[in-house]
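Peer 1: The listed protein sequences derive, respectively, from chains P and A. Counting from 1, one number per residue, gives the positions in the first sequence under the numbering used here. Counting from 1, one number per residue, gives the positions in the second sequence under the numbering used here.
The hints are simulated quantities; they were obtained by calculation from the structure and are not laboratory data. Just so you know, these numbers come straight off a predicted model, no measurement behind them. Every residue gets a Cβ at the ideal spot worked out from N, C-alpha and C, and that includes glycine. Just to be clear, a hint being listed does not mean it is correct.
[What the hints assert, rightly or not] Using C-beta positions, here's what the derived DEER-type ranges look like:
| id | chain 1 | residue 1 | chain 2 | residue 2 | range |
| --- | --- | --- | --- | --- | --- |
| 1 | P | C84 | A | S14 | 30 to 40 Å |
| 2 | P | E171 | A | P109 | 19 to 29 Å |
| 3 | P | T99 | A | A19 | 44 to 54 Å |
| 4 | P | S102 | A | L88 | 25 to 35 Å |
| 5 | P | I19 | A | E70 | 44 to 54 Å |
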Amino acid sequence: MGQFLRDLQTYSFLQYALIAGLLTSISCGIIGSYVTVRRITYIAGAIAHCTLGGMGAARFLQKEYAFPVTPLQGAVAAALLAACIIAMVKHYGSQREDTVLSAIYSIGMAIGIFFISRTSGYNDDLMSYLFGDILMVSQKDLLLIGALDLIVVGVVFIFYNKLISVCFDEEFARISGISVELFDLLLLLMIALTVVLLVQVVGIVMVVAMLTLPAAGAGLLVKRLWHMMFTAILLCLVCTTGGLAISYQFDFPAGATIIIMAGMVYFCAIAFKRLKKT
Amino acid sequence: MKKTVIDVQNMSFSFGSLAVLEDVTFTIKEREMIGVVGPNGGGKTTLLRLLLGLLKPNSGSITILGVPPEKASHRIGYVPQQRLFDPLFPVSVLDVVMMGRVGKCWGGPFTKEDRELAAQALRDVDLYHKQQAAFADLSGGQRQRTLIARALASAAELLFFDEPTANVDSFAEQNIYNLLKKLNEKLTIIVVSHDVGFVSKYVSSVVCVNRLVHIHPTCEIEGKNIKDIYGADLAMVRHDHRCSEKGHTWVNF
Numbered sequence: 001m002g003q004f005l006r007d008l009q010t011y012s013f014l015q016y017a018l019i020a021g022l023l024t025s026i027s028c029g030i031i032g033s034y035v036t037v038r039r040i041t042y043i044a045g046a047i048a049h050c051t052l053g054g055m056g057a058a059r060f061l062q063k064e065y066a067f068p069v070t071p072l073q074g075a076v077a078a079a080l081l082a083a084c085i086i087a088m089v090k091h092y093g094s095q096r097e098d099t100v101l102s103a104i105y106s107i108g109m110a111i112g113i114f115f116i117s118r119t120s121g122y123n124d125d126l127m128s129y130l131f132g133d134i135l136m137v138s139q140k141d142l143l144l145i146g147a148l149d150l151i152v153v154g155v156v157f158i159f160y161n162k163l164i165s166v167c168f169d170e171e172f173a174r175i176s177g178i179s180v181e182l183f184d185l186l187l188l189l190m191i192a193l194t195v196v197l198l199v200q201v202v203g204i205v206m207v208v209a210m211l212t213l214p215a216a217g218a219g220l221l222v223k224r225l226w227h228m229m230f231t232a233i234l235l236c237l238v239c240t241t242g243g244l245a246i247s248y249q250f251d252f253p254a255g256a257t258i259i260i261m262a263g264m265v266y267f268c269a270i271a272f273k274r275l276k277k278t
Numbered sequence: 001m002k003k004t005v006i007d008v009q010n011m012s013f014s015f016g017s018l019a020v021l022e023d024v025t026f027t028i029k030e031r032e033m034i035g036v037v038g039p040n041g042g043g044k045t046t047l048l049r050l051l052l053g054l055l056k057p058n059s060g061s062i063t064i065l066g067v068p069p070e071k072a073s074h075r076i077g078y079v080p081q082q083r084l085f086d087p088l089f090p091v092s093v094l095d096v097v098m099m100g101r102v103g104k105c106w107g108g109p110f111t112k113e114d115r116e117l118a119a120q121a122l123r124d125v126d127l128y129h130k131q132q133a134a135f136a137d138l139s140g141g142q143r144q145r146t147l148i149a150r151a152l153a154s155a156a157e158l159l160f161f162d163e164p165t166a167n168v169d170s171f172a173e174q175n176i177y178n179l180l181k182k183l184n185e186k187l188t189i190i191v192v193s194h195d196v197g198f199v200s201k202y203v204s205s206v207v208c209v210n211r212l213v214h215i216h217p218t219c220e221i222e223g224k225n226i227k228d229i230y231g232a233d234l235a236m237v238r239h240d241h242r243c244s245e246k247g248h249t250w251v252n253f
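Please model the complete structure; the sequences and the hints are all you need to start from.
Peer 2: Shown next, in the form of structure tokens:
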């Protein structure tokens with residue numbers, strides 16, 4: 001662990017990685033709690049995979065035509081678009097929801113792979129998109145990550161009561177005069193933004209694990225939604241920081257280490273709950 | 001003269017080509033307690049959803065408190081079946097009751113008034129001492145009372161119940177009906193139930209729904225009516241909750 005702490009003082013990329021992990025943990029804990037209690041991990045998964053399309057297209061435009069877009073911005077656009085489509089289909093469409101989600105999931109990935117294959121140079125981008133590369137986070141990325149974090153926290157702070165009401169009992173919320181469609185869309189947009197943050201840290205493939213495992217572990221330990229959010233944030237912090245330190249020390253892949261940590265946290269929570277019962 | 005709170009005129013509703021309700025006409029006056037009964041699939045829930053403005057009639061009209069249902073729905077306290085809830089959802093009793101206030105503000109934290117109304121609603125259903133408990137840890141009867149408190153917290157003028165005694169033991173069932181009786185002093189109450197016998201002990205009129213809708217004062221419910229509602233020959237079996245094989249002697253507990 002000493003190596004990690006020593007290098008943390010010298011290398012800015014390591015500091016950026018640590019800050020990215022901390023910032024991401026905040027929205028991950030909050031939005032992960034919503035995703036878990038509303039049982040929509042499959043929606044989060046579809047949005048996550050769809051971001052590859054945005055990242056691939058943005059990278060292509062950036063490299064081939066010198067467009068001023070970054071893959072991270074492309075991911076934001078793709079995720080928000082996917083969230084809007086899913087919300088429309090859920091409330092107004094007549095198609096099967098899982099069919100549409102599979103379509104978004106795979107078409108998004110296909111577009112991404114298509115653009116990456118057309119982009120000149122080495123295709124090592126693909127690996128970092130799929131499995132995350134927290135050590136590659138730049139200062140500019142950090143600003144965007146911070147801004148997205150602020151949006152998520154602000155929206156949830158203002159609309160916490162409405163969102164919990166819609167998640168707990170959609171019908172009652174509708175009868176009370178709440179626009180269920182609007183708040184469902186808002187929640188999906190927040191999920192989209194959080195997914196983008198997590199893609200940076202753990203990669204497309206492992207976003208869902210990071211959204212659900214700490215939140216589900218927290219859900220076993222506490223009994224109210226906002227308690228669950230705070231506990232989940234704490235557990236996320238443990239996973240991202242611990243995962244980063246361990247992976248740096250032993251030269252493991254960072255994303256995978258963080259997810260394995262998250263899995264262990266979840267199983268510890270289950271074990272703790274079992275022990276408390278007996 | 002009591003005010004009319006629900007006025008349904010020649011209303012019909014169908015899902016595609018399947019007629020669910022045909023030519024329904026009835027009125028309900030304020031502070032009445034009405035039971036809605038009928039066989040499964042007869043259209044009870046559909047009627048309730050129409051009154052709540054969640055479905056639109058194909059023809060005819062529904063007026064609630066003088067306006068169309070979708071404009072009146074925030075003045076209706078809806079108490080759904082408690083078994084529909086996710087037992088893993090992390091909410092406390094107070095959290096659930098506060099949800100009755102959510103439609104009244106644009107966002108942000110609850111006001112002091114919201115908290116006071118929720119506290120009063122909890123006292124009304126005798127669950128004030130349980131407000132910090134997790135909703136999932138409650139008994140069926142307590143959950144039902146929590147949902148009633150949520151409806152009361154919204155300062156509703158009408159209360160709609162969907163099977164209030166489903167998944168509730170007979171003692172809690174009695175408890176809930178006594179609570180309804182008390183609330184009925186101030187509010188108009190509509191109770192959807194499959195249990196004709198039990199409902200008819202408490203309500204002033206019964207709306208019978210099986211595609212067609214009839215409204216009767218409770219004293220008229222006899223074998224003939226029941227046969228009309230359920231569309232088959234039925235033997236009346238007394239279904240009191242306290243009876244013995246020898247006969248229906250009431251036992252004082």
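Peer 1: Of the hints stated earlier, which fail here?
Peer 2: 3
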